[in-house]
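Protein chains in written order, with the numbering used here: chain A, 1 to 878; chain B, 1 to 878.
If you're looking for bench data, these hints aren't it; they were derived computationally from the structure. Some hints could be false.
Copies of the same chain look alike in the list, so a pair counts if it fits in one copy or across any two.
Unchecked claim - Simulated crosslink set (DSSO-like; lysine-lysine; CA at most 27 Å straight-line):
id: 1; residue 1: Lys793; residue 2: Lys759
id: 2; residue 1: Lys388; residue 2: Lys72
id: 3; residue 1: Lys268; residue 2: Lys4
id: 4; residue 1: Lys583; residue 2: Lys785
id: 5; residue 1: Lys162; residue 2: Lys3
id: 6; residue 1: Lys600; residue 2: Lys785
id: 7; residue 1: Lys814; residue 2: Lys695
id: 8; residue 1: Lys731; residue 2: Lys600
id: 9; residue 1: Lys80; residue 2: Lys794
id: 10; residue 1: Lys485; residue 2: Lys731
id: 11; residue 1: Lys341; residue 2: Lys583
id: 12; residue 1: Lys740; residue 2: Lys489
id: 13; residue 1: Lys785; residue 2: Lys647
id: 14; residue 1: Lys331; residue 2: Lys740
id: 15; residue 1: Lys57; residue 2: Lys720
id: 16; residue 1: Lys80; residue 2: Lys331
id: 17; residue 1: Lys814; residue 2: Lys825
id: 18; residue 1: Lys58; residue 2: Lys785
id: 19; residue 1: Lys73; residue 2: Lys650
id: 20; residue 1: Lys268; residue 2: Lys168
id: 21; residue 1: Lys814; residue 2: Lys759
id: 22; residue 1: Lys794; residue 2: Lys759
Number of protein chains: 2
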Amino acid sequence: MTKKKYVYLFNEGNANMRELLGGKGANLAEMTNIGLPVPQGFTVTTEACTQYYEDGKKIDASIQEEIFAGLKKMEKITGKKFGDATNPLLVSVRSGARASMPGMMDTILNLGLNDETVEGLAKLTNNPRFAYDSYRRFIQMFADVVMEVPKPLFENILDEAKEAKGVKLDTELNANDLQEIVKKFKTLYKQKKNQEFPQDVNAQLIAAVEAVFRSWDNPRAIVYRRMNDIPASWGTAVNVQSMVFGNMGDDCGTGVAFTRNPATGDNKLYGEYLMNAQGEDVVAGIRTPSPIATLAEQNKAVYDQFQNICNILESHYKDMQDMEFTIEHGKLYMLQTRNGKRTAKAALKIAVDFVNAGVWSKADALLKIEPKQLDSLLHPTFDDKALKSAKVIAKGLPASPGAAAGKVCFTSSEAIERSANGEKVVLVRLETSPEDIEGMASAQGILTVRGGMTSHAAVVARGMGACCVAGCSDIVVDEEARTLKVNGKVYTDQDYISIDGSTGNVYGEQIATVPASLSGDFGTVMQWADEYRTLQVRTNADTPKDAKQAYHFGAQGVGLCRTEHMFFEADRIMAMREMIVSKTVEERKKALAKILPMQKKDFVGIYTEMKGNPVTIRLLDPPLHEFLPHTDDEIQALAKEMGLTFKSLKDTVASLHEFNPMLGHRGCRLAITYPEIAEMQTEAIVSAAIEVKKKHGYDIVPEIMVPLVGHKNELDFVCKHIREVADRIIKESGLNLHYKVGTMIEVPRAAVTADEIAKTAEFFSFGTNDLTQMTFGFSRDDAGKFLNDYYAKKIFEQDPFARIDENGVGRLVKMAVELGKSTRKDIKLGICGEHGGDPATIEFCHNVGLTYVSCSPFRVPIARLAAAQAAIKAKRAK
Amino acid sequence: MTKKKYVYLFNEGNANMRELLGGKGANLAEMTNIGLPVPQGFTVTTEACTQYYEDGKKIDASIQEEIFAGLKKMEKITGKKFGDATNPLLVSVRSGARASMPGMMDTILNLGLNDETVEGLAKLTNNPRFAYDSYRRFIQMFADVVMEVPKPLFENILDEAKEAKGVKLDTELNANDLQEIVKKFKTLYKQKKNQEFPQDVNAQLIAAVEAVFRSWDNPRAIVYRRMNDIPASWGTAVNVQSMVFGNMGDDCGTGVAFTRNPATGDNKLYGEYLMNAQGEDVVAGIRTPSPIATLAEQNKAVYDQFQNICNILESHYKDMQDMEFTIEHGKLYMLQTRNGKRTAKAALKIAVDFVNAGVWSKADALLKIEPKQLDSLLHPTFDDKALKSAKVIAKGLPASPGAAAGKVCFTSSEAIERSANGEKVVLVRLETSPEDIEGMASAQGILTVRGGMTSHAAVVARGMGACCVAGCSDIVVDEEARTLKVNGKVYTDQDYISIDGSTGNVYGEQIATVPASLSGDFGTVMQWADEYRTLQVRTNADTPKDAKQAYHFGAQGVGLCRTEHMFFEADRIMAMREMIVSKTVEERKKALAKILPMQKKDFVGIYTEMKGNPVTIRLLDPPLHEFLPHTDDEIQALAKEMGLTFKSLKDTVASLHEFNPMLGHRGCRLAITYPEIAEMQTEAIVSAAIEVKKKHGYDIVPEIMVPLVGHKNELDFVCKHIREVADRIIKESGLNLHYKVGTMIEVPRAAVTADEIAKTAEFFSFGTNDLTQMTFGFSRDDAGKFLNDYYAKKIFEQDPFARIDENGVGRLVKMAVELGKSTRKDIKLGICGEHGGDPATIEFCHNVGLTYVSCSPFRVPIARLAAAQAAIKAKRAK
């Protein structure tokens, strides 16, 4: 085994070494190479992180040696010495994974300070205020990140000091104040950790590197990885970089900027900076930063230099860049560059602009857009009329576009819970922190009191495509009293508010919304996608309304129409219940006759909205008891309505009880015991198609889908009943109508015997929800009890219900595709589980050779883009 | 397409044409060919039956033509003419499938009679009594079998006639009486069917053939096929044979006989006959027949001729024969021969005798024994001591050996229901009919009042290996009052009786039983089986008692020890419940510490009984709520005992509720959320092995089995915890102990990713119960609601929980075997579902390359034989 190299100086790497050096490290190296002003440093590789975990969370001595060797080289270049009392080298220690995970992992600045070096730094810079400001920052960060002493304890001390002095900002504290604070910080540290604050700078460094490695596995990073498909095995690199200081005085500062506007895509430098501050002050949202444009007024030379660097970086990386910089005594340093995260709107505009500029091909542009992000453009915006009469009660920063209305909600956990119960909530926080990530995802939108456009809330919301208004200082939030006050008016958690992420407006009421449309850049990109994709995109639609929405979004047919959903409506459930409690075939047929015209009407509506595109209709699927009342009161009421005794109805309900409803009397099993149900449904499906053909001339090809088939004989039996009814009705109509009979592949046995089943089935539709449940052997309703443990213990990294499990469920799908085609070469193959709208799954579906994916109407544009990406990637991989 | 031949004269066929002609037809042809006295006739093939179903239950005109052409040839040979008024040809129409299905399908005798031909027959034979006796039999049979007029209506008329005349037997009725009866029968027929009894003999014949075809699909035939693995696609042939008459007078008769004793295997002619009777009289058990030996006194010539034919047939077919014969005016006719059904005891003796006689090789002999039948020898017999003090209250015929004790039960449906509820019942009937077949299978034993050794009850019970005492006329059964009277004492359905099928004794109490032993012929055959088989046979045993029993029956290890079964015992459930309601790891560990010594003790016991053979122990598997109380009263009681509030315990119970427990928090998922459970179990498993090694020197290799694994990571996680504990304990013991860690393959995903899982798993054990549930997507507990419909509609022919579904579940097993071996060449492969004791599944397991099967202790000898048969068949197929 040749010895691995675990530490790379910046000048030893380049942008292609992202896997080894992480994104930040690779780009620091690249910037160094192309001659940009980057403070010197080195990167400890992602492999060192993996090794750290393999070694039982210890950094091996040989790797430690390499780190100190790197440090020596830095000392040589900078002329400073780590831990030296007269000319100390200070470093930042920052995480940097292969994929950007903003705010998820830890950073420590000003490392190398101790009671001696702080004095040296004060003397050397002749700036004791700066020296102690840096030291107090370091103590707090080290204590928080490395030793887990809660940050607020330190902030309290700082706040007390400011209060005692009667000032508001930390910049108003002088060297003596800060020296006092440092003492108090150290006392607090000793109190909490039973040891002095570490003075050995080498120990500081190793502890900090370990802490960053450790932070790869903190709970919020695990959640983030799951949401963003990042494998745990990647690990993070650590960048150790010579400090430059934005906090040395008023000719110093620090900031973040984008080469284009990340919210709109406008081709204009965009960002914020704070003078006399260190990096964390900008993103933490404690002081409100100034827009980047004002830097031109403050220091034209630096601004011009920065503008120039931005141009270099964007054309070098051929993408919009997101950068961090520091100005030390008027000198500009670049601390980071990366492809900038952007809203969907910006992504589309940037894509169109780059293609128009000849920088990207259409295929390149399509690959640059994250399909899931489009979601934000597909959600409703406020209804113009409703908006006119609505009163703005406050105004914040338009941090992430979109419109949201919901009841006020004050904590992340509350947002998760109330949303799960079907409530729409807007999460209102003083400021958000990485712990809020799940709550933000659950809420309709996020409103924060503090923080700017690059605050945590804003960055995360844009990434999620969630609506966000940030830094809305007009409102007063009392998290304990659970109230929100604006201009003296109090809102509780039962009051509605609405927020507009595109304007920053906040409204004290619920405002109606209107659906999104596919126009402008969005339309252009969708058209490109359609040029490249070969996979068709259909929709899951149970109502004419859904079908209409999906058609508008470009759906090429209905891949799944669930007929049972039509029967939960109040005016229909009675007929359904009558059918279920029937004791004889005759009684059941009588009840079914009442249902027939309702079903037919639905199908007429759906066919009409689909304008001649194929519609796949699934026969009744759920266990019958789902339609029945369960409490004694409900049963009593129903019995009365239906003229039955309480006891007899209660007995019927009890007789339908199942131990494992998921594995019970449902799907085609219903059609086998009660063929008359399938017959009624067939009649509705076929006669509706005939009616629509007569009326509109649409040549609908209904695809009748038999659910839960596991054995060819099941399908044969039901198919025979379907064909008898369908053929009779078509013959009676005198028209020519084609229809298909096929099946869901959702039971493992169906996948394994797909060659047999394809003898009868003219199409397969993979029902990957059920297939996942049965292949893994756990039900979605019950898995909640242990899946969190599975994520925490890294047994699963992905939710198999969100993204198809390629190794297991995927193997069955592949097998079924091959077996199905071996029997019936031209078999139509689709997927209609919720996976059908997941981009990674869509790529799998393309590669495995499906004909179409079917997803919810609002996922159709996402699926169109994902299908195009899959086609482009597959072509390029050849 | 060359024209198929659907009708074969007996002289056109032979014994090898069983598939086409059915067993009866092929053997009638064979007997014809070797010159035995067989009445002439022809066989309508099984293909005609299949065609009948394909043509929508109609006999095609061309097949009808062939039938009548066959009839013409019969007329030519016999010199009689079908439907002729002066010399009429009468025929029997009898079913005959490929595999013998005694009593399952229909037979019609004396066909060809009508108002004219009956007169002709009377004149021709000068025996009007005989002619009308034949006609009344024909009308009743035709009406019953072809037209579904209930038989009892006819029997009532016959009974009234006998009563009116003051006689007891039908032989005491004269020609006039019978003529009157014929009239009444015809009136009844017209009344029920709104048409005259058919006089067209051709129409009679076709209707009868159709009725036999139809009877292939009657409910009892479907049940029988399912129990005996006979596919529906085989169909039945129909034999049309010239009648010979046992009812022409006292020099006529009919009987059935076996070349050896079918109950004991004794090499001595065995059977019964009735003079002046037709075949159905013997098997129906209405009159009690005479033993075959007495025929020698009655007609020495015929007896000798029959004895001679028996010898010819046994040496021709090289097996014990079961024959039907008729004597017409002193002349012997053979109506059927087939390999005789026999008890397990007889099967073993016959096998040993035939091998000793040099007729069969050992391999031949092993193939001749039906493994399932051995079951009857493995069940307890009465305890000698208990038997000594027991009083015989009645005595019947020893119809099928074995001992049974249970509460009295009067109907078949009651037997099914009470047995399902865990009650042991003895089915007591006047006589059984084919409809009783399921009830007989559910009961401990069968006691009938009427019928001989070849009555329906006796034949079926022997086939099932069920204990049966038949023809016990000492008892009086009142089926309506639901009582059984013997010598004035009344037994109700709550009273126990015991019956001994080897002696015919009936006892009015519950008698203790003792287990069976493998000695004599049984031991010999088992030894032969062990010489041939390559598949190992292990047992499923949860207790030392089970392990001991299985070891005694030849088990080579434990394939499945279910640890949870140890915790339902009253003295242990408390500790288990404590563990479950624990809120913290510490509390849980405290409760587990109480369980540890109990588990260890069980394992010590099982290892000791297994004397050094490997023992596979499965970690805790079922959802935890199974251990908790569910009613409020039970919860209250437990809360009190455990010092918890009712509410808190109720909440805990509620929180453990699952929607689909089968797909819930169970199996390895428990060990993942609560690793301390797996750790405790590992400690018990390993320290018990060390204790046994120290004490007895047995070098036990415990195989620790992780249940319900679907993903390699699950196994890795649990395996890590197991190995840590196991290695620590072994190290502490200072001994050298080997152990294995493996997994169940019972989740479809495990089968599909077996290559991955085998990286960690040292062995696989196929849990085909769960694998079947998840592969089909139905749970055993819920499938009852629709599986009967599936059988009735021929969607399933087999219960997939009894016999492995080779096409679906089997494909997954095969895949897992191949994938597992691709990763780990020497992986140990077993099966531990209930399928492990099913002979057909065992054959599958042999062919697919498993190392062992594991089954319940009482199935071990069956599995040994089945494994030998599989090895022999596989070798011969090469």
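Consistency of the hints with the structure:
1. Taking CA atoms no more than 27 Å apart as the test, Lys793 paired with Lys759 passes between copies only; the shortest distance there is 19 Å, against 44 Å inside one copy.
2. Proximity of Lys388 and Lys72 under a CA criterion of 27 Å is satisfied in neither setting, with 65 Å inside one chain copy and 99 Å between copies.
3. In the homo-oligomer, the alpha carbons of Lys268 and Lys4 never lie at most 27 Å apart, since the shortest distance is 43 Å inside one protomer and 87 Å across protomers.
4. For a Cα distance limit of 27 Å, the shortest separation of Lys583 from Lys785 across copies, 15 Å, qualifies, whereas the shortest one inside one copy, 39 Å, does not.
5. With identical chains, the CA atoms of Lys162 and Lys3 are never at most 27 Å apart, being 53 Å at best within one copy and 108 Å at best between copies.
6. For the homomeric pair Lys600 and Lys785, neither the shortest alpha-carbon distance inside one copy (41 Å) nor that between copies (30 Å) is at most 27 Å.
7. With identical chains, the CA atoms of Lys814 and Lys695 are never at most 27 Å apart, being 41 Å at best within one copy and 54 Å at best between copies.
8. Taking identical chains as interchangeable, the C-alpha atoms of Lys731 and Lys600 lie at most 27 Å apart only when both belong to the same chain, with a minimum of 18 Å there against 73 Å between chains.
9. Proximity of Lys80 to Lys794 under the C-alpha cut-off of 27 Å is found in neither arrangement, the shortest distances being 43 Å within a copy and 87 Å between copies.
10. For the identical chains of this complex, Lys485 and Lys731 are neighbours neither inside a copy (70 Å) nor across copies (67 Å), given an alpha-carbon limit of 27 Å.
11. In the homo-oligomer, the alpha carbons of Lys341 and Lys583 never lie at most 27 Å apart, since the shortest distance is 62 Å inside one protomer and 43 Å across protomers.
12. Taking the shortest alpha-carbon separations for Lys740 and Lys489, neither the intra-copy value of 61 Å nor the inter-copy value of 69 Å comes in at or below 27 Å.
13. Proximity of Lys785 and Lys647 under a CA criterion of 27 Å is satisfied inter-copy only: 21 Å between copies versus 36 Å inside one chain copy.
14. In this assembly of identical chains, the alpha carbons of Lys331 and Lys740 never lie at most 27 Å apart, being 72 Å within a copy and 66 Å across copies at closest.
15. Taking the shortest Cα distances, Lys57 and Lys720 sit within 27 Å of each other only across copies (17 Å), while inside one copy they are farther apart (63 Å).
16. In this assembly of identical chains, Lys80 and Lys331 lie within 27 Å of each other by CA distance solely inside one copy; the values are 18 Å within and 126 Å between copies.
17. Within a single copy, Lys814 and Lys825 get their C-alpha atoms as close as 15 Å, and across copies as close as 26 Å, so both meet the 27 Å cut-off.
18. In this assembly of identical chains, Lys58 and Lys785 lie within 27 Å of each other by CA distance neither inside one copy nor across copies; the values are 33 Å within and 58 Å between.
19. Taking the closest pair of Cα atoms, Lys73 and Lys650 never come within 27 Å of each other, the shortest separation being 82 Å inside a single copy and 66 Å across copies.
20. When the C-alpha separation of Lys268 and Lys168 is checked against a cutoff of 27 Å, the pair qualifies neither within a copy, at 34 Å, nor between copies, at 115 Å.
21. In this assembly of identical chains, Lys814 and Lys759 lie within 27 Å of each other by CA distance both inside one copy and across copies; the values are 18 Å within and 23 Å between.
22. Proximity of Lys794 to Lys759 under the C-alpha cut-off of 27 Å is restricted to the inter-copy arrangement: shortest distance 18 Å between copies versus 42 Å within a copy.
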